[in-house]
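Engineer: Those sequence lines, one after another, are chains R, L, B and F.
No gaps in the numbering here: position 416 of the first sequence is 416 in my numbering, and each next residue is one more.
No gaps in the numbering here: position 241 of the second sequence is 241 in my numbering, and each next residue is one more.
No gaps in the numbering here: position 388 of the third sequence is 388 in my numbering, and each next residue is one more.
No gaps in the numbering here: position 120 of the fourth sequence is 120 in my numbering, and each next residue is one more.
Hints may contain errors.
Treat identical chains as interchangeable: a pair holds within one or across any two.
Said to hold, decoys possible - Distance condition first, Cα-Cα at most 25 Å in a straight line; then the derived DSS-like pairs of lysine-lysine: (1) Lys24 / Lys205; (2) Lys304 / Lys209; (3) Lys80 / Lys432; (4) Lys432 / Lys294; (5) Lys304 / Lys349.
Read the hints as simulated data drawn from the structure, not as lab findings.
Note that the structure is a prediction, hence the values are computed from the model and not measured.
Protein chains: 4
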Amino acid sequence: MGEGVGVERVRNMDLTIPRLGPAKVHSPLRISTEADDHDSSFVPDDDRVLYDATLRGCQKCRAEEPESLPLSFERAGPRKFIYFDPSKTRVGIVTCGGLCPGINNVIRALVMELHYHYGVSRIHGFRFGFAGLVPEAGHDVLDLDPVVVKDIHHDGGTILGSSRGPQDPESMVDALDRMGISILFTIGGDGTLRGAQRIQEEISKRGLKISIIGIPKTIDNDVQLVKKTFGFETAFSIAIDAIRAAHVEAAGALHGIGMVKLMGRHSGYIAATAALAEPDVNCVLIPEVPFSLKGKKGLIPWLKDRLLTRGHAVIVVAEGAGQDLLLSDKESFDASGNVRLEDVGLYLKDRISQVLKSQQIEHSLKYIDPSYLIRSAPANPNDSLFCATLDLNAVHAGMSGCTGILVGLWHNVFTHVPLGEATSGRKLVDPKGELWRSVLETTGQPTSWT
Amino acid sequence: MGEGVGVERVRNMDLTIPRLGPAKVHSPLRISTEADDHDSSFVPDDDRVLYDATLRGCQKCRAEEPESLPLSFERAGPRKFIYFDPSKTRVGIVTCGGLCPGINNVIRALVMELHYHYGVSRIHGFRFGFAGLVPEAGHDVLDLDPVVVKDIHHDGGTILGSSRGPQDPESMVDALDRMGISILFTIGGDGTLRGAQRIQEEISKRGLKISIIGIPKTIDNDVQLVKKTFGFETAFSIAIDAIRAAHVEAAGALHGIGMVKLMGRHSGYIAATAALAEPDVNCVLIPEVPFSLKGKKGLIPWLKDRLLTRGHAVIVVAEGAGQDLLLSDKESFDASGNVRLEDVGLYLKDRISQVLKSQQIEHSLKYIDPSYLIRSAPANPNDSLFCATLDLNAVHAGMSGCTGILVGLWHNVFTHVPLGEATSGRKLVDPKGELWRSVLETTGQPTSWT
Amino acid sequence: MGEGVGVERVRNMDLTIPRLGPAKVHSPLRISTEADDHDSSFVPDDDRVLYDATLRGCQKCRAEEPESLPLSFERAGPRKFIYFDPSKTRVGIVTCGGLCPGINNVIRALVMELHYHYGVSRIHGFRFGFAGLVPEAGHDVLDLDPVVVKDIHHDGGTILGSSRGPQDPESMVDALDRMGISILFTIGGDGTLRGAQRIQEEISKRGLKISIIGIPKTIDNDVQLVKKTFGFETAFSIAIDAIRAAHVEAAGALHGIGMVKLMGRHSGYIAATAALAEPDVNCVLIPEVPFSLKGKKGLIPWLKDRLLTRGHAVIVVAEGAGQDLLLSDKESFDASGNVRLEDVGLYLKDRISQVLKSQQIEHSLKYIDPSYLIRSAPANPNDSLFCATLDLNAVHAGMSGCTGILVGLWHNVFTHVPLGEATSGRKLVDPKGELWRSVLETTGQPTSWT
Amino acid sequence: MGEGVGVERVRNMDLTIPRLGPAKVHSPLRISTEADDHDSSFVPDDDRVLYDATLRGCQKCRAEEPESLPLSFERAGPRKFIYFDPSKTRVGIVTCGGLCPGINNVIRALVMELHYHYGVSRIHGFRFGFAGLVPEAGHDVLDLDPVVVKDIHHDGGTILGSSRGPQDPESMVDALDRMGISILFTIGGDGTLRGAQRIQEEISKRGLKISIIGIPKTIDNDVQLVKKTFGFETAFSIAIDAIRAAHVEAAGALHGIGMVKLMGRHSGYIAATAALAEPDVNCVLIPEVPFSLKGKKGLIPWLKDRLLTRGHAVIVVAEGAGQDLLLSDKESFDASGNVRLEDVGLYLKDRISQVLKSQQIEHSLKYIDPSYLIRSAPANPNDSLFCATLDLNAVHAGMSGCTGILVGLWHNVFTHVPLGEATSGRKLVDPKGELWRSVLETTGQPTSWT
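Isolated chain R, as found in the complex (with noise of 0.2 Å):
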């Protein structure tokens, strides 16, 4: 079960998909390997991923329930038939927002794979996200082929450029009908799949024929309806290397505290993942579990116990963790009431030490923030072979004349979601689930702080 939304959100939510129209195009692809059946691997479009996997209670009360048909998203993959004639295709790419190893990944595998089976040759970038498609920026395009993607995917980063922020909508598709775009990957998070949403719209309200293939690139995992995104395993990982830091340096003082800010500026599944990975962590704080410093049960008060009876501690926070507290705290204002401190990092070292210099508890506090070592870095091979299968998925989607979607995963099987959908909320860790329960019997943490 997807953590974070509950069946009955889904249930009213219309995971149906929008195409173009009908798909009357023979696919290039020749990808059964047998001879006397072609078509074997092809998808149909009726097939679909149930969203809820599991059984529970009585299967027998399962088996009467009234509902017909439960829960599910169509499924990626190629269609036998495609909407669009490769040799009159010609195809656009877009990176928006901030680094997230593995875009260089998806856009070498989006060429290829258009390049070498669908024969698509006329394919281009846009320069530093949205902006690159408005002719107020006046950057210029660039064109993509194997021979100039060929060895990307060992770089971080994005050869495209990047940048956050939308830009309009009508200029943008008036861009991308100027050019006779006919797919146009937009590979973002949150605020991009959005603003391909509005693509989208205002693209079918001109009648145009152009598909919107939302890639989802966000490094937090918080696209809900969407099990993992690209670049999450490489950044918990290379998060890894901060917490062993944070770790030597705290056991290497007096009364040593080692404290990591990890990205997750809603969702705390990076702090989450990286602590269950190298159990040296003994306290990790997301913004789904509210805490407080003080108080019986507050951070302090357990950090001053753990550093007197242990000797150290190593803690982790997510960058999005008690923004509530830097709200109320009145020491986080500054003379003229501006906030002080936004970083909660910043913010717990400067009260932590506060604390316990006034206790006169001597220690020594190492605050490591390793976020954008993190984000340039280049996709693991796990991520590696995601982006790969992702993206062939992202193509048989655009070709196929799917528009208004993002290649999602669920239960290990790629699927399609409407971008509408799959924006409406945000997937958060379930303070309750399995991800949390296991932090809890890892760490050793307080399952509460008040």
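Please build the complex by placing chains L, B and F on the supplied structure of chain R, with the hints as guidance.
Structural biologist: Using the frame of chain R, we list chains L, B and F on its own:
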């Protein structure tokens, strides 16, 4: 759907989980974050995970299907009531077979969970595989506690030592009975799991109350009914280094050929997956897909063509690929009829060089076998994470009185799988499935060699 | 020739090595490979290493030079006769100051050499720096033997713990005397070596027979009369990761600037060396070379020019660079006259952004401070090798009765250097020397900023 | 002092550097940081580096030594006047022999220095070694400029390709003359340097003005008169991974033996150095130190003793060790008298297993040969740094009109060494020197096997 096991075969399996007796002891776990709802996260025994999470064709048809009880696995997880009284429980751990990344993580997490969360303090590690249980070998037992295992996950291998081969089940059960073991965790592959099953049968025959919990360890990822086993991801990730080396060697010489042999005696998962993750591979050979060397569609003519047009080639071969060729090729026998080359990599190297030389094609073939470097590595962060959560579930299973099972993973949910059914066959790469289709698309190799 | 110490200054130094007394005990080392020539590898006390290994101008002139005794260091190495009787020797080890890769390697190799080759079995580790010697701190002593230290070189940090700051020499010598310590190895930087010297002076005053051997630990590589200190290579090697991240971030944004702050309070070796090893750096700022921010030849105009012509820039700044600017820049003080930004990286980030904004140049500046990740890392293989051989020589020095020295490296030969002379100044990057010349050539940055 | 070359032998060498003619062109380098003192950093032709930087015995004796001109090398570095006019200079680069980490760094830095600092823009890369110079092979030339080489240092191997074996010097000089090459940089090992010397002799015979500059590439670090060659450190650093794998395999089995074969056909530097850097090694076998298998002091009895007392053993063997054993051991020949096992690692594996089996000692021997993984790796940061500075000096040498030399390193200073003298012998590990003494101390292996 799992690769390599047809729905029909699974339909005939008995996926019921044997138990030593009714679970009446309150679980000592405190796993809820809500004071008034302590057991919200315990998993009831009748929670299950669907075997097939996809819907095919018309959904209505499915609704009308006569099958009232869909195929499913029992879900793993902490039970509210457990069978063994922690204060009186004695646990054994044994590691068997070849090395695999993550064994020490598994040992560590078992000890930590038993010690800290269930309060079981008597944990014994048997040395050097099943041999450690029988008196003949004379191996000491290693007592395990948090201090001993704290840092072992940073190292590859197994602190317990391992060995191959079975031992007499009666003698092993004698030892378990003599020592008063309540739960035996056996960490090992196919052979070990069969051995565990024989131990369980002997226990059952004697009516002893000893739980046998298998933790599947197969670097090849070939245990059926289990989506993923620990160490597999680390393995194909490290294999990437060898592929890159092979590519550098191939590209640095005139008509350079880089060939990497990877693990995979019966199943080509490591080879196929590594090739997807590092797309410099031009050809993957796995046991599931036969190939010929010569003839119009044979490997060597294809290779020759690639060398002359592209200058170099990278080949990945699973150790179990082409075994039929070795056996049928007269030249692979020496004068006395003994197999001259058992290693498919050396065999291919030999044959390819011979043919290219005979055709006077200057070339340079570098053969890399990174097997020991791979299997002895420490687990990567994602495998560490996997081991950590897998183990929690193994302990829950053992404490709840399950026996004769292994802990598996299905649709990202941990499951209980009867040892007998899991070892009744082997998971294979489906030559018509999505994984192999992606390999064919990425490498551009022929779909068939005959 | 050593950077930063003129021949003239060295000429006035006294490089004679103090000894506790005549060495009369036969060395237990069996170091020859020839049965009949056991002592072929022992180093006589009067072996020396030339300070200057180059010849300048006409060689004849040199031959006629009046100086009959060229400047030189005493050579380290095993002595045939030693001062301490191993069976009666008790050794102390203390680690002080900030973390540095390789401390555990040093501890390990000291223990191994003392134990296995000299037969010294009483080795004590003082906890948390010099504080571990004085009774007030109340720290236990950690007994060290091969079992304890066997695997510690795989981890960063120090198993002994560390702390900054001096302690009263009298109190520390009381402790050494009370415990019957014969040799104290002090592993630390500038401050620690001065502290060691003060201990040695107190010992000398009291006429005690305790040898004080310094093992220079400075990640900045700034100990004069010593070519290289352990951890330095690991440090600049890991710094490369941050530089690559900065480059990826810079290249991935319009007018992207990646800025990395590296260690180097007084000496810019890490910054200069890392920039040579990873030539994506466009500008290096070190304490030894002053720079201005504005003005025709200032940093910001140069940066602006580079952004507009090349699109992005990577800057590496040593933590001690530009301290004069921070002190003289009014804007770096807040209303109360307190320094607002002590960190040169944050200061530069602030000022650059302000100026570019005021000139309406869209840009993106990412600032990376990898210091704790670097200093807590385990030693890389070459540093491990260096620690291993350095330590052999430290033990030889201590056992032979040398005192008040550190073990250095000069022209690839290990040397004995009096603590007083080594701490009388600091090694600096010579702005006219070969290292800086290479940095200027590689980065293409201006030779002067004023 | 350099290992393996006695002072006496060097005394008879002619270390004078040949030059094409007087250098009259002003160097375009602007290398001073002081406006009024531009040439302070140029190196005069008569700057030299002492061969022996140590003083032995009584210093006065040395002062009275009759030798007025101590043995020394010409110092490398930028000259104020150069021989070639950059605007009319055409440069060739060729890479020969086996792969070695850092070749691409060398190519990159040559191009960057020539292009940006000397203003030489016509730089040609010959493909696939010396074969690329002769018309018969028909290889195209690859034009090199900063855009082509910018990122190649991130990859192992050589973008030019390589091949083994000599070509006819006359034919090669014809090619150089025809193309108007002024300077040829030959990157290669022993054979290549000899080839370069033959080219230089042919050039000299014809009175051509072509400079031949050797850049020594030997992963074995066995070029005499040169302290360190590029790639060596990366090589032994990566070898550590194999040693750790061998140790994990050995420790994970009853009487486990891990054996690693490392490069080193004539010189055991990689094996010796790697064993010092990773002290889990129990025995190192190198070509310079003979060993016997059987007999009281033989390898196998020692190994058996270690297995029975310590449980496992790790052996590192250089590829050139024990060649005499292979040749004299009858069992290493097959029935027809052909050598059955040319590989010392396979030979040892075979013999050890045979003897232990015959003595009924259960054991497990894992043999690892990481050679291709090592030689194809990219240079580590310290080797990158080394390549960068080495290359600056190679370019300075070529532009100044030196010829028939290689660029070496001695006492951390770059030098010019005549090709003839450098290739007149080979640098070997001195069995009585400090390196081997440290290996013996660290491993605890016998000082002699006979």
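Engineer: Go through the copies and call it for lysine 432 and lysine 294: within, between, both or neither, with a Cα cutoff of 25 Å.
Structural biologist: within (24 Å within a copy, 56 Å between copies)
Engineer: Could you place lysine 304 and lysine 349 in one of the four classes (within, between, both, neither) given a Cα distance threshold of 25 Å?
Structural biologist: within (14 Å within a copy, 35 Å between copies)
Engineer: Tell me, please, which holds for lysine 80 and lysine 432 at an alpha-carbon limit of 25 Å: within, between, both or neither?
Structural biologist: between (43 Å within a copy, 15 Å between copies)
Engineer: Under a CA distance limit of 25 Å, which applies to lysine 24 and lysine 205: within one copy, between copies, both, or neither?
Structural biologist: Close inside one copy (24 Å), not across copies (64 Å); limit 25 Å.
Engineer: Quick one: lysine 304 to lysine 209, C-alpha cut-off 25 Å, is that within a copy, between copies, both, or neither?
Structural biologist: Classified as neither; 63 Å inside a copy, 43 Å across copies.
Of the hints listed earlier, the one the structure fails to meet is number 2.
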